[in-house]
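Build the full structure now, drawing on both the sequences and the hints.
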Amino acid sequence: MIRISINGEAHEISGAATVGELLTLLNVPPANLVVERNGDVVAPGRLAQTPIADGDVIELVRFVGGG
Amino acid sequence: MPAEHGPLVIAGVEFASRLLVGTGKFPDPRVMAAALDASGTQLVTAALRRVDLQNPHDPTLSHLDLTKYRLLPNTSGARDADEAVRLARLARAATGNNWIKLEVTPEPTYLLPDPVETLKAAERLVQDGFVVLPYMNADPILARRLADVGCATVMPLAAPIGSARGLRTRDQIEIIIAQATVPVVVDAGLGLPSHAAEAMEMGADAVLVNTAIAIADDPVQMARAFKLAAEAGVLARLAGAAETTAHARASSPLTGFLRNDTP
Amino acid sequence: MTFADKLRAVDWREIRARQNAATRDQTAAAIRRANPNDLPLLFARAADEFLEEMAARAAALTVRRFGKVVQLYAPLYLSNYCVNDCVYCGFARSRHVVRRRLSVDEALAEADVLWREGFRHILLVSGEAPGAFSVDDLEAVASALAGRFSGIGIEVFPTDIGAYRRLEQVGVDSLTLYQETYDRELYATLHNGPKADFDARLAAMEAGGETGFRTLGVGALLGLANWRDEALALALHGQYLQKRFWRSRVAFSFPRLRPAAGGFAPPQPASDRDLTHMIVALRLAFPDAEIVISTREPAALRDRLAPLGVTRMSAGSKTSVGGYQAESASGDQFAVHDARSPAEVASAIAAAGKEPVWKDFDEGLRREEPPRKLGE
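Protein chains in written order, with my numbering: chain A, 1 to 67; chain B, 1001 to 1263; chain C, 2001 to 2376.
Keep in mind the hints are simulated off the structure, nothing from the lab.
It is possible that part of the hints are untrue.
Said to hold, decoys possible - With beta-carbon atoms standing in for the labels, derived distance ranges:
| id | chain 1 | residue 1 | chain 2 | residue 2 | range |
| --- | --- | --- | --- | --- | --- |
| 1 | A | S5 | C | D2288 | 52 to 58 angstroms |
| 2 | B | I1215 | C | A2017 | 31 to 37 angstroms |
| 3 | A | T50 | B | N1055 | 23 to 29 angstroms |
| 4 | C | K2068 | B | P1253 | 48 to 54 angstroms |
| 5 | C | P2036 | A | V57 | 32 to 38 angstroms |
| 6 | C | D2011 | B | P1027 | 51 to 57 angstroms |
| 7 | B | P1253 | C | E2185 | 37 to 43 angstroms |
| 8 | B | D1128 | C | M2001 | 23 to 29 angstroms |
| 9 | B | N1097 | A | D40 | 15 to 21 angstroms |
| 10 | A | G8 | C | P2036 | 23 to 29 angstroms |
| 11 | C | A2004 | B | I1215 | 50 to 56 angstroms |
All C-beta atoms, glycine included, are put in the ideal place defined by N, C-alpha and C.
Right, dumping it as structure tokens:
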């Protein structure tokens, strides 16, 4: 069980050791998605290799309609 | 500067269409896709938002065919330069391209752009290798400053976002166009195709339209109308319309003294 | 892109074709619009019949942009030593004239005469002779005068951005540098010495723009090339500078060369009508540019031209070194055809419905600290 912040809210997560696993757990499709972990952008190809740890600040951002 | 024959060129990239379209406020993604197609656009904008964990499958842009359109992410939501730069970097990571529409709008009622933060962000982003297209109020001096720091275009507003009031800033935009050293894209406030035609007749290099198309009863038809209007405006400019200003008349001849002039 | 590059890329044949093919209606439309694209038609023969209309528009536009003000200035010749041998110039190297340069004190004495006549804007003039009169010398004079005069311009040898920056810091606010003619081949036949470098001369104006001089003065000598081509090239130069150096203002000068006994005969003299046409057309295309008429033009003509777009006039000019203190033996650079005193010129300007102004913008207000004095 680790505690991380996702999009500004605290979450308790178990069963996910990497960013890729976290996305699967949350049911967030990776298309058009940007992941920021502790202020750094996680390259789309490295989601499965990037670990998550207790205290991480994660931002999940995606493109939506806009002008 | 009249619209030149040939394509719109931004940062060395050519676009046949001078109509840029935003992807916000459409009733549904399929209508959006059809409207974009009808508009003939080649450059569409999109925003970055946090994923809603309650609804992670938001399909809004999954219907966007990125082989047909170049995606221009914007930094809408940014209230200062730091936020804008952060959003730009996130966008670059997502798209793999370094084009960014810079929007810094701290005030939520009119969503008018903050000139000071916009200039600051523009300078930082250009230095960081971005191709910056800055949304700005129609301030001719600000346009010069943004061009000086290396922006690829300037994007003066015609009227506040979504207001559909047309070219309220016409006089200022005229000055911006006359002095421009980069393409001028009139963005925001264009409510009717005739507004777009007018902007192009004045000499703008392109127009960006979102709300007027998205909230029309028939967005696909409206997109087509804007396409035709932008083209009409370019053709009119190239055709060289005569001015309709009144002829000034002096009370007595000013050049009568030359009557006996011998070369 | 430099202006030299832009000028090389001009397709004169296409322009002449456009000018020759212009219909009355197209020309009238071009005059009313007066956009940058309309410049060729504004100077074309087809525009000649519209001179009165152009004059009326130019007069009205000038009042709208400048009010009724005409600013007075005086040239102050500091040195007539020159290494160049320009065919048309009274100071050419091979001419036998008494050469003189002023010391700082002598320059101050000359300037004093001008100050007492009312001038607050002066134009420092010199030939090109680094051994006799250098940037340091110019800097010393400018610095000494900066406290007394609101506007100090220089019309001297072209130099580099380092020198321009030094001069700007001691109080010079305006740079004038005539290209003389924009016809490159013709230019080569008229000049030898360092001035023969056509591109370097154009580049110097751009260095001035980078420096940030408030006014950038371009000029051609009318009578060398065909006036219509010259006017168009001059306009293109002004347009380039205006666009690139948007913090500066462009000033146009185009004095006419006159046939002088035993002197240089200008190959294509410009008539009074040509001069008038040039003034009004430039005013229409450049609503905010300064247009300068010097004392090379006769008094009566200057009075008639004053309302048509002119914003700066010299008065009481002496074009010899030390000429204000005494009739100088050093010879005149050119003949002055309006020999009226400054006060008389001011009255004439007023009679023409304009307001003569001696002092415009106060340099002192612009800076945070006073101009750097030499030795500080």
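Status of the hints after comparison with the structure:
1. For the pair S5 of chain A and D2288 of chain C, the supplied restraint of 52 to 58 angstroms holds, since their beta-carbon distance comes to about 56 angstroms.
2. For I1215 of chain B and A2017 of chain C, the hinted distance range of 31 to 37 angstroms is not satisfied, since their beta carbons lie about 50 angstroms from each other.
3. Between T50 of chain A and N1055 of chain B the C-beta distance comes to about 24 angstroms, which sits within the given range of 23 to 29 angstroms.
4. Under the hint 48 to 54 angstroms, the C-beta atoms of K2068 of chain C and P1253 of chain B, about 20 angstroms apart, miss the expected range.
5. Distance hint check: the CB atoms of P2036 of chain C and V57 of chain A are about 54 angstroms apart, inconsistent with the given range 32 to 38 angstroms.
6. In this structure the hint that D2011 of chain C and P1027 of chain B lie 51 to 57 angstroms apart at CB holds, the actual value being about 52 angstroms.
7. At roughly 39 angstroms, the beta carbons of P1253 of chain B and E2185 of chain C sit within the given window of 37 to 43 angstroms.
8. The hinted window of 23 to 29 angstroms between D1128 of chain B and M2001 of chain C holds, with their beta carbons roughly 26 angstroms apart.
9. One distance hint, 15 to 21 angstroms for the beta-carbon pair N1097 of chain B and D40 of chain A, holds here, with the actual separation near 20 angstroms.
10. Restraint check, G8 of chain A to P2036 of chain C: a C-beta distance of roughly 53 angstroms breaks the suggested window 23 to 29 angstroms.
11. Checked against the given bound of 50 to 56 angstroms, the beta carbons of A2004 of chain C and I1215 of chain B, roughly 52 angstroms apart, stay inside it.
In summary, the numbered hints that this structure violates are 2, 4, 5, 10.
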